[in-house]
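As given, the protein sequences belong to chains A and B, one line each in that order.
Following the numbering used here, the numbering of the first sequence begins with 1 at its first residue and continues without gaps.
Following the numbering used here, the numbering of the second sequence begins with 1 at its first residue and continues without gaps.
Each hint should be verified, as a subset may be incorrect.
Given that identical chains are not distinguished, each listed pair holds provided it fits within a single copy or across any two copies.
[Said to hold, decoys possible] Derived pair list, reagent style SDA-like, types lysine to any residue, alpha-carbon separation capped at 20 Å:
no. : residue 1 : residue 2
1   : Lys256    : Asp210
2   : Lys189    : His179
3   : Lys291    : Val29
4   : Lys4      : His53
5   : Lys55     : Arg18
6   : Lys4      : Asp51
Quick caveat, the hints were computed from the structure, so don't treat them as lab data.
2 protein chains.
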Amino acid sequence: MSSKPTIAAVDWGTTRLRVWLLDEAGAVVDERRSDEGLLTAQHKGFAPILDRHLKDMGAPGDLPAIVCGMAGARQGWIEAPYVEVPSSLSDILGAAVPVPGAGRDVRIVPGLAQRNPRTPDVMRGEETQLAGVAAEVGSGSHLVCMPGTHCKWVGVDDGTVSGFGTWPTGEMFSVFAQHSILRHSLGEKPAPVAPDNAVFQEWCREALADGDIGARLFGIRAAGLLNGLGQADAAAALSGLLIGAEIASATRRFGKRDTPVVLVGSGPLGALYAEALKLGGLAVRLADADKAVLSGLVAAARRNGMLVEG
Amino acid sequence: MSSKPTIAAVDWGTTRLRVWLLDEAGAVVDERRSDEGLLTAQHKGFAPILDRHLKDMGAPGDLPAIVCGMAGARQGWIEAPYVEVPSSLSDILGAAVPVPGAGRDVRIVPGLAQRNPRTPDVMRGEETQLAGVAAEVGSGSHLVCMPGTHCKWVGVDDGTVSGFGTWPTGEMFSVFAQHSILRHSLGEKPAPVAPDNAVFQEWCREALADGDIGARLFGIRAAGLLNGLGQADAAAALSGLLIGAEIASATRRFGKRDTPVVLVGSGPLGALYAEALKLGGLAVRLADADKAVLSGLVAAARRNGMLVEG
Chain A
1 MSSKPTIAAV DWGTTRLRVW LLDEAGAVVD ERRSDEGLLT AQHKGFAPIL DRHLKDMGAP
61 GDLPAIVCGM AGARQGWIEA PYVEVPSSLS DILGAAVPVP GAGRDVRIVP GLAQRNPRTP
121 DVMRGEETQL AGVAAEVGSG SHLVCMPGTH CKWVGVDDGT VSGFGTWPTG EMFSVFAQHS
181 ILRHSLGEKP APVAPDNAVF QEWCREALAD GDIGARLFGI RAAGLLNGLG QADAAAALSG
241 LLIGAEIASA TRRFGKRDTP VVLVGSGPLG ALYAEALKLG GLAVRLADAD KAVLSGLVAA
301 ARRNGMLVEG
Chain B
1 MSSKPTIAAV DWGTTRLRVW LLDEAGAVVD ERRSDEGLLT AQHKGFAPIL DRHLKDMGAP
61 GDLPAIVCGM AGARQGWIEA PYVEVPSSLS DILGAAVPVP GAGRDVRIVP GLAQRNPRTP
121 DVMRGEETQL AGVAAEVGSG SHLVCMPGTH CKWVGVDDGT VSGFGTWPTG EMFSVFAQHS
181 ILRHSLGEKP APVAPDNAVF QEWCREALAD GDIGARLFGI RAAGLLNGLG QADAAAALSG
241 LLIGAEIASA TRRFGKRDTP VVLVGSGPLG ALYAEALKLG GLAVRLADAD KAVLSGLVAA
301 ARRNGMLVEG
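Sequences are here, hints too, so could you generate the full structure?
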């Protein structure tokens, strides 16, 4: 360790755990990743897992911790009740819930709920990432896209979350690839898709035009039977179709903004979304997902008086 | 048996087999159902299965048979190559392919292919049902909806199949219910959905407006967490969402006709589609699915000179 830690920042998701040690300026002193997500912690206990990681990292036994993610779900460590939108990101971070009897000062950032009966929705974890992104992009009206298993789109207006929606695009890809008739088209292990794949772009462009998934899914199978579409291109077609339809649907709901879409993603999936947004005629501003969650956790620690304002 | 059979009519699907004995007027003399579909026949052989059923029914060993369905697939008894649309139903039935060495005169009705690169599609089995339906509804321009695992919509204009599309709505319901996060919402065994269920109607109406599936799927989960949507209503929501989106999408592709939508379905699924079409402001004409396939097989037998014209 190069410097004395002041606080631990923890992103505790369903299947993953990330822990950072931060100094008093919020800079990273040490970090580690583990697969002891919610599903593991429900059996082993949250406190023992966190205690062990912090001890292994040489942190003092009374080091405070700021936590985001599924640890705050009803079935998590302690429930951090949803904050309803619209709500300012500052108020959301400020509503972090202390965990009684944790042996140290642990607070969990709440998730968000949208109780609108026509578009009910929830998020947990992404609100912290979002706070990091919003600080980076500043004031004004922004549409933020956060790809993943359950991709979130969020309207952020001058630091307030005005509304959001979930498109389960990653999950759809996976269930269609594994459990539908398309498993014959994509093969046992779907090939990775590159953003410059012409089939990806073609299916994406079509789906961007009307957001229609149901009309085209079986077409992937038929294109294999009739036109010899191979397994790798079938995966590209499914990916282009689902991502294109998602972008059409989300921009229809939230409208287009004067500002570029803020894309919180990195790696291959981020690159596919960047290409698809470009095909949809949308300007894109990239934000790093890992950096965003860390900077959101630092902001949450400050907002709750666990770190002095930077 | 009340009368001497002249021909056997056979609907040989992926998982089911139906055999009728018909007299010289095309009237049913005897019938039976079995679960020896394509998947079983690939192992046991097609001829032995058909021979045994016909023998058990007391039919002569040289009784001819007209067959439709997956028995004509590449991986079936013998491949009956797809007929390309547009094509008249009379020509489609007339393209039945003889099975060499079957020990009796067996002919298999071909499936249909649509090679349009933007909407590639195939069907096998439904073309025969469609011929039965088309004979019933007569000339004019009709849009035919055939619900099922892979629901088919077909444009039939004066006895010619002008185009068709597949919406895998039944399959989507099943993979989302069993393999997505919605399995927590719907429970282990999704409840049957009634057409007068208010949640079914509400989600159907919303989806009819824009055909959007991706924007709403996760809302079923969120409505459970936030608004206490129960398991039975979650199944109703998913069903309404998928059927409503399908109708929006199919009517967008084919346009609305002056004639009612011809709904080839019976039982609970047919009732859901009838309600959904009504909610979409579409007039509906019902056609019985079982009767349709039988009358299509009779028409195919006549068209191929296996029965005298009725």
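Evaluated hints:
{"no.": "1", "hint": "Lys256 / Asp210", "in the structure": "both (16 Å within a copy, 18 Å between copies)"}
{"no.": "2", "hint": "Lys189 / His179", "in the structure": "both (12 Å within a copy, 17 Å between copies)"}
{"no.": "3", "hint": "Lys291 / Val29", "in the structure": "within (14 Å within a copy, 75 Å between copies)"}
{"no.": "4", "hint": "Lys4 / His53", "in the structure": "within (16 Å within a copy, 82 Å between copies)"}
{"no.": "5", "hint": "Lys55 / Arg18", "in the structure": "within (15 Å within a copy, 69 Å between copies)"}
{"no.": "6", "hint": "Lys4 / Asp51", "in the structure": "within (17 Å within a copy, 84 Å between copies)"}
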